[in-house]
Structure formats: structure tokens, C-alpha cells
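The listed protein sequences correspond, in order, to chains A and B. By our numbering, the letter at position 219 of the first sequence is numbered 855, and the numbering carries on one by one without gaps. By our numbering, the letter at position 193 of the second sequence is numbered 829, and the numbering carries on one by one without gaps.
Source of the hints: derived by calculation from the structure; they are not laboratory data. Be a bit skeptical, because a hint or two may be false.
Identical copies carry no separate label here, and so any pair may be met within one copy or between two of them.
What the hints assert, rightly or not - Here are the simulated lysine to aspartate or glutamate pairs, EDC-like style, with alpha carbons at most 20 Å apart:
1) K676 with D739
2) K733 with D866
3) K676 with E920
4) K847 with D724
5) K733 with D715
6) K896 with D843
7) K847 with D739
8) K873 with D726
9) K873 with E745
10) K896 with D821
11) K676 with E857
12) K873 with E920
13) K847 with E747
14) K896 with E774
15) K847 with D715
Protein chains: 2
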Amino acid sequence: MANLSTGRAVRLAARTGSLTTQTAGLAPSHLQANLIVLPKPYAPSFRLLCQRNPVPCPLLAESSTPGSFSTLQSHLIRDGTPLPVARDIDLRLDAPKYLVYRDGTVSHETEDISSLWTDEHVGFLIGCSYSFEGALAEAGLMPRHVAQRRNVAMYRTTIPLCPAGVFTGSTYVVSMRPYRPEEVDRVREITRAFGETHGEPIAWGWDALEKLGIRDIGAPEWGEPARTADGTGVFGKESDEGYVPVFWGCGVTPQEAVMKAGLEGVVMGHKPGHMIVLDLRDHEVYRG
Amino acid sequence: MANLSTGRAVRLAARTGSLTTQTAGLAPSHLQANLIVLPKPYAPSFRLLCQRNPVPCPLLAESSTPGSFSTLQSHLIRDGTPLPVARDIDLRLDAPKYLVYRDGTVSHETEDISSLWTDEHVGFLIGCSYSFEGALAEAGLMPRHVAQRRNVAMYRTTIPLCPAGVFTGSTYVVSMRPYRPEEVDRVREITRAFGETHGEPIAWGWDALEKLGIRDIGAPEWGEPARTADGTGVFGKESDEGYVPVFWGCGVTPQEAVMKAGLEGVVMGHKPGHMIVLDLRDHEVYRG
């Protein structure tokens, strides 16, 4: 794992089966991406869902044609030109783990979706907040789950998405990182620049739980519960040492939307936290 | 009023003081716009607020430089080119009525903001759902408030905006039009195409009231309550004749955001329903 310092190295490790864990902290400064793979008839609705909900669903790239898993059309435009997100990519193999959905419910987990991928499937890459964790760490604001080598905590919320075509009735999924209240302004400022990877937080502080409809900070629906700073207890259950939860839009939202809409057929996504890491580096996208 | 069939005619009528009423139904098929005018230091946060919340805050155009009220930079891009929104426009005079805010609260209503406009003010035009009412009418789905020559009903909701810089703590404002349940799919489809003027509805049906946090359908915060189809009672209070409320994002949202953020200094906006009508026609923007 020591050499997983580039996006390509992480992808190849996932592709060959030597990496099956979550990817927080790998290849720092490289953009990481969520994956959702939909039957072709749902693609127009999904593009519109992303346009209308760019904070939880920032669309980075998609299959250049239906069925394509290795040639992508980038939606990351800089100076009028699409930035290629990765050379040598295989959407069927390059996430360490995948979830497979059938008719809107989770069917099973796998490390390889190539046997399920058809010419009628369209893959979409959505920005991931792991992309700004390198910048937070550089600023002395290392996310706790990275320091503790855990998956981030992700929660279902009651905040509605703007509906789009077949996608109705869905809600935001959020990721959470604990920070001190006096750090929140700086955390907002640093992550604000990362427009296509969720940008600044959507809510913060303990009163955000009620606003977001999160009942139990210790029971995230995806990922792992955050621990206290000293690692001995569950964040928010024990002494919280003056930290508050800070919530960002999360690219698991499309998988939640697939379930809420009850989409028919085979849909595939990465297993939350187990991302496809891209070649793009944050300074190329946000400071280039 | 009979000749107010173009955007320019409506603007000139407002500019010369002969039009001081709301603009629903005027110049059918022409895009209508919400206005918000902010002190320059708030402009970057506002642009980001629009990017992060494109359904309630679709940014059409802004002052080409701070202080400019008649030269605009368009953000409506088609085939890589900005579409000019209007020749001969004066943001200080071309809305039939304005609201003036001081330090985040409403100060007064006026028909002319030229004495308050300074070189430090930046004007922003935001899409308005009046823009798709011509298309609805053409499809036999005439909005009731247009047929009854009333202002649309607009409501404050509890749905949070994604925060952006100084803009925190705000919520969606929505407009409402009654339709029969069996008409909702067609209404969604027709308005979906109008991406920069709020697009398809964000919620519909009586159970949407609770989701949006609207307590009283008969007491909108802006505009006028809808009436029953026969005009004799208040929609939702009397027999509703089988109609349900359908809600769209509304460009009054930025004015709500200014109040929630408590922005310092002089902020100006149109009076809700009293829009600036543009030269652009819907077929140029959405079917061109």
C-alpha cells in the first residue's frame, strides 16, 4: 500500500484485486470519484438530477457512449476545454468494491462488475469529498477519519433533492467530519474552492442534526462512526472534547436516489468510501 | 396595456411609470427575470450561492462591471456563446416596483431605485417561472393566476439552501400553481425544459405542504393567495375541486437569503411578481 501515491497506482491495485479497502488518504491531492452505472433509458434524467443538485451530485464525467467503461467524456470544463479525468481507466474494476442493485434494492457486494456490465449501461463519475482532504491536511486540519485510518461517516438526511424526471422522492446523503467550532470558518474557506467535489459544508454544529433529520450521530448509514479524538470512544456519544460535526454533500446520494426511485434493472455503484481515484490533481482543477 | 407584447415594451412602460402592476401574463413567451442588487463585496458569495442552488437561483446575467445598470454580462450560454438578455435595459427603472432593504430588513417599496444605486452596486438577474407560463398556456394548462389576472402565490419554506460564503441559514422560496393530479406529469414535462427559469416543480400534492414546511396554503408570504377555479373562494380553504398545489423554485429566494444573512448596507430587489421582462423568447433559449 506504501506506493499508492497516484491515481493510476490505486486504480491498478483495485483492478488486480490487491486493494479492496476504502480509499480515504490514498494518493493525496488526487481527485477521487463516486460511481453510478445506470441503464441507458435513465441517463437523461440522471444528468438533469446532477444539474439541479450540483452540491451532492457534481458530475465529473460519463461513458463517452453507452456501454463504454474505459473511454469517458469529461464534464470538468476549464477555459472552455474538458479536462481528461484519467488515462487507463476501467469503470468495471477500478473501484476496490462495488454494490449491485436490482430493481432499486441492494443485491450484493462485489469487487468486479464486468460480468454485469452491458452495452446498455452508462457509467457516471461524481465528485468525492476525499478530494479536498489533502488540502485540509496541508492546512493543519487533518480529517480525523484519515488520521485514524477509518472510512468517513455518511448519513441519510431528510433534505429533499430537487426532483428530475424519474428521480423523485430522494434526499441528500452527507459525509461528516468533526472539527472545533473555531476551525469551521477556515474549513469552509478551504473546501469552498473545491466546487466539483462538494465544495463547502452544507451544515455544521450540533443543531444541524435536527435540520438534517439525523437521529443518531453514532449510527451512520454508510462508512464507519467517527471516534473521539483520542480514539477511545464514539464521537458524540462520549465526551466530544469541544468538537462539532461538519456535514458535506456526498456522492452516495445517487445510489440513494436509485433506491428511492425504485429504478428497474441492474444498477451498479462503488461501495461507499471505496472510490475510483483519478489522475487529476487538485491544483490542476482548482488552482491551475 | 394591450400593447405590452414584447419585453422592451414592458420595460419601457415600467421605466416611464405607466406600468406599476405585476407582470404575469405580459409579453407571453418572453423570459422574465428576478432582480437582486448587492454591494460589491457580497457579489462573489452570491455567484457561488447561485452555482450551488441553481433551481431557486438560476443566474441569467449580471452587471458587466460594478455600478453598471444598463450593460450586462449574460450567463445564459448556448453553443459556447452568451445570449444577450436585452438591448436597452435599465435595472434601476425597468421593474414595475422594487423593494429596498437596509441591513437585512425591508425598508420600503418604490418604483425607481436610481437615487440609491451607487458605483459599488452589482445587479443580478435570476430566472423567473413566469417564463414558462406561455408554454403551459399553449399546452392547454393555463396557470390559474394568469387566467384570473392575479399575482402568483409565493411561500417561504423550511428547505435549506446550500450555504455559500456570507449566505448561511437561508431557505427556498417557492411559487405555487394548482393543477389536477392527472395533469402533473405533463406540467413537469413542459416546465422541465426551462432549465434556467426553475425547470420542473420541486414538489406537488397536498402532502408537499408538510415537506416544505408551509402551514397555510391560503396565506402566502408574497404575491396573492390562489383562488378556487371558479374564483369565488380561496384555493385549499373551500372545495378544491380535485386540484392539488404544485410548487416551483422561486427567484425571490435571493431576497430571503439577504434577510437571513443580515447583509449590511443597501440591497435592492424587484417587488415579488413585478419582474423585469427580457428580450429573449423561450424558443430562442430552449428550442433554438
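Verification of the hints:
{"no.": "1", "hint": "K676 with D739", "in the structure": "within (15 Å within a copy, 50 Å between copies)"}
{"no.": "2", "hint": "K733 with D866", "in the structure": "neither (29 Å within a copy, 59 Å between copies)"}
{"no.": "3", "hint": "K676 with E920", "in the structure": "neither (31 Å within a copy, 29 Å between copies)"}
{"no.": "4", "hint": "K847 with D724", "in the structure": "neither (42 Å within a copy, 45 Å between copies)"}
{"no.": "5", "hint": "K733 with D715", "in the structure": "neither (35 Å within a copy, 39 Å between copies)"}
{"no.": "6", "hint": "K896 with D843", "in the structure": "between (26 Å within a copy, 17 Å between copies)"}
{"no.": "7", "hint": "K847 with D739", "in the structure": "neither (31 Å within a copy, 26 Å between copies)"}
{"no.": "8", "hint": "K873 with D726", "in the structure": "neither (41 Å within a copy, 58 Å between copies)"}
{"no.": "9", "hint": "K873 with E745", "in the structure": "neither (30 Å within a copy, 51 Å between copies)"}
{"no.": "10", "hint": "K896 with D821", "in the structure": "between (34 Å within a copy, 18 Å between copies)"}
{"no.": "11", "hint": "K676 with E857", "in the structure": "neither (28 Å within a copy, 42 Å between copies)"}
{"no.": "12", "hint": "K873 with E920", "in the structure": "neither (40 Å within a copy, 57 Å between copies)"}
{"no.": "13", "hint": "K847 with E747", "in the structure": "neither (36 Å within a copy, 38 Å between copies)"}
{"no.": "14", "hint": "K896 with E774", "in the structure": "neither (38 Å within a copy, 33 Å between copies)"}
{"no.": "15", "hint": "K847 with D715", "in the structure": "neither (38 Å within a copy, 40 Å between copies)"}
Checked against the numbered hints given earlier, the structure breaks hints 2, 3, 4, 5, 7, 8, 9, 11, 12, 13, 14, 15 and satisfies all the rest.
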